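Undergrad: Sequential numbering from 1 applies to the sequence shown in this note's numbering.
These aren't lab readings, by the way, just hints derived from the structure by calculation. A couple of the hints might just be wrong.
[Stated by the list, open to error] Pairs of lysine-lysine, DSSO-like flavour, derived with a Cα cap of 27 Å: (1) Lys126 with Lys94; (2) Lys399 with Lys412; (3) Lys491 with Lys502; (4) Lys491 with Lys402; (5) Lys502 with Lys67; (6) Lys491 with Lys399; (7) Lys67 with Lys491; (8) Lys402 with Lys412; (9) Lys94 with Lys67; (10) Lys94 with Lys402.
[Unchecked claim] Just the calculated beta-carbon pair ranges, DEER-fashion: (11) Arg71 with Thr16: 52 to 60 Å; (12) Gln59 with Thr373: 48 to 56 Å; (13) Lys67 with Thr149: 52 to 60 Å; (14) Thr149 with Ala8: 54 to 62 Å; (15) Pro441 with Met499: 36 to 44 Å; (16) Ala8 with Ala106: 57 to 65 Å.
Keep in mind it's a predicted model, so treat the numbers as computed, not measured. Beta carbons are placed, not taken as given, at the ideal position from N, Cα and C, and that holds for glycine.
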Amino acid sequence: MTVHPPIAPRQPHTTTVHGRTLSDDYFWLRQRDDPAVRTYLEAENAWTDRVLAPTEELQQRLFAEIKSRIRETDISVPYRLRRFVYFSQTEAGKQHVTYFRRPADAPEDSADEVLLDVNRLAEHEKYLAVGTMRISVDDNLLAYTTDNTGFRDYLLHVLDLRTRQPVAETIPHVRSVAWANDNATLFYVVDNAAKRPYRLFRHRLGTDPSTDTLVYEERDERFRLDVQRTRSGRFVLLEAFSHTTAEIRVGSADHPEQGFRVVAERRQDHDYRVSHRGESFYIRTNDRGRNYRLVTAPVADPGPANWTEVVPHRDDVMLERARCFRNFCVLTERTGGLTRLRFLTDDGRDHYLALPEPVYQLVSGDNHEFDATEYRFVYQSLTTPPSVFDFHVARHTRKLLKRTEVLGGYDKDDYVAERVHAVAADGTAIPISIVHRRDVPRDGTAPLFLTCYGAYGLPHPIAFSHALLSLLERGVVYAIAHVRGGSDLGKHWHDAGRMHQKRNSFTDFITCAEHLAREGYADSRRMLAEGESAGGLLVGA
């Protein structure tokens, strides 16, 4: 018997934006409290269950197979923050993580202090997630946020780690938190009803939160707020940012009541971020080009008139991040579709970190100590599990601290990862990251799993997956199409796949699929396309 999917009813709805009237027959599906919406979603779920019913045994087998590769009881790599080292642990049979710490000078076999047991917090909740966790400068107080709704509606708690007692009333709708250096003042940003972080408050422990000082309110609905401390501990940063524009204020962490001052006044399409070192702010800015440059500015007067260029804008290299420490700065750069780390030291001799594979992902690890001599990063690829390294900046040496285990005898040499390019109709080369078993023939007979994102200027992750091994072991070729719309090749790659150029994202994806079939990587009749979130628009089109 043929099983037909449910059809969502059309209910005409119009919206006028900038003088243009837009029609959306499915606007009614936004009303999550409407019983008709719930009825329709339940019908979709029921149809999916019926269609997939013949695969139930296979689903269970795959789930058990994937789970068998993962070490459920595991401990993270400890990181240092002032007088303590911090780490977390997962346990088999428990849904949530437990956070621990111990004195940095204590023996490794000494008793650990439970910082936060999320399993206990969640005992009487249908859902619970921990958002922000921030330790006071004296290491005695923990500010953390929890959401028990599933809608990112976070509640702020402050816990005295010496007595394990709360020291303040909870504060609702909190998105980000930063301590001042007096260990008694908290800055926090709250959301409005639309989940937009828009107000910064200052709270003094021991006072009624209803009397907290409103420090700043962001009235432009395009902008969101975030508050954080600089790694140096001297300043509190208040970032206001949209998709294209930023405005950053700095305040003294030593004198939290003094207020904030603007680094560079808001200007449409000017995006920048601020880090601190010595008597300078290090500013990543796109004022001279879409791929950003790095400048310094004096702490006393950091406005654009006083900016001094350190790293110029480059058309073929995008400066993604700049992180400052007492004796060096680390730049995350993107070129050729891959990330690299560049270390700037006071002797003027830059150093680039050499990496071993043609396709990989590189992200910053836990780097909280301003006085650090080593920089922690996490490296992984389509064939290499996540690997935590410490890189000694002065000695140019690296130490592997941990590589995520793959239980069951995984051998990366059984697989091949590579980067190829498909040529679009306009001559643009589109990168494709590929992985498959080494013994899969390149004769056009293999099934293909092709995925993409291509939106918001975000590069597609090139990550190792325990679950993906179940496909690779069955002869499937997995490929990532790095289509225009992401920032895989820099901001120009983003620009070439957004707004009036969005069509390029769609055609690039088709070009990649055709290329893989033509070059023998896959059978054109056995292709599966996947796109999540904004990538779903691409695949759906």
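Undergrad: Now tell me if each hint is right for this structure.
TA: Consistency of the hints with the structure:
For the hint pairing Lys126 with Lys94, the CA-to-CA distance comes to about 14 Å; that is within 27 Å, so the pair holds. For the suggested pair Lys399 and Lys412, the alpha carbons sit about 20 Å apart, so the restraint of at most 27 Å is met. Between Lys491 and Lys502, the direct Cα distance comes to roughly 14 Å. Compliance with the 27 Å bound is thereby established for this hinted pair. A distance of roughly 33 Å separates the Cα atoms of Lys491 and Lys402; the hinted pair therefore is violated under the 27 Å criterion.
At roughly 38 Å between alpha-carbon atoms, Lys502 and Lys67 are farther apart than 27 Å, so this suggested pair is violated. With a CA separation close to 33 Å, the supplied pair Lys491 and Lys399 exceeds the 27 Å bound. For the given pair, Lys67 sits about 38 Å from Lys491 by alpha-carbon distance, which is inconsistent with the 27 Å threshold. Taking the CA atoms of Lys402 and Lys412, the gap is near 16 Å; set against the 27 Å cutoff, the hint holds.
With a C-alpha separation of about 14 Å, the suggested pair Lys94 and Lys67 falls inside the 27 Å cut-off, and the hint holds. Of the pairs offered as hints, the one joining Lys94 and Lys402 holds, with about 22 Å between alpha carbons and a cut-off of 27 Å not exceeded. Between Arg71 and Thr16 the Cβ separation comes to about 55 Å, which falls inside the hinted range of 52 to 60 Å. In this structure the supplied range 48 to 56 Å holds for Gln59 paired with Thr373, their Cβ-Cβ distance being about 49 Å.
A hinted range of 52 to 60 Å for the beta carbons of Lys67 and Thr149 is inconsistent with their spacing of about 28 Å. The given range of 54 to 62 Å is broken by Thr149 and Ala8, whose C-beta atoms sit roughly 26 Å from each other. For Pro441 and Met499, the Cβ-Cβ distance of about 42 Å falls inside the hinted range of 36 to 44 Å, so the restraint holds. For the pair Ala8 and Ala106, the supplied restraint of 57 to 65 Å holds, since their beta-carbon distance comes to about 60 Å.
Going through the hint list in order, the structure does not satisfy hints 4, 5, 6, 7, 13, 14.
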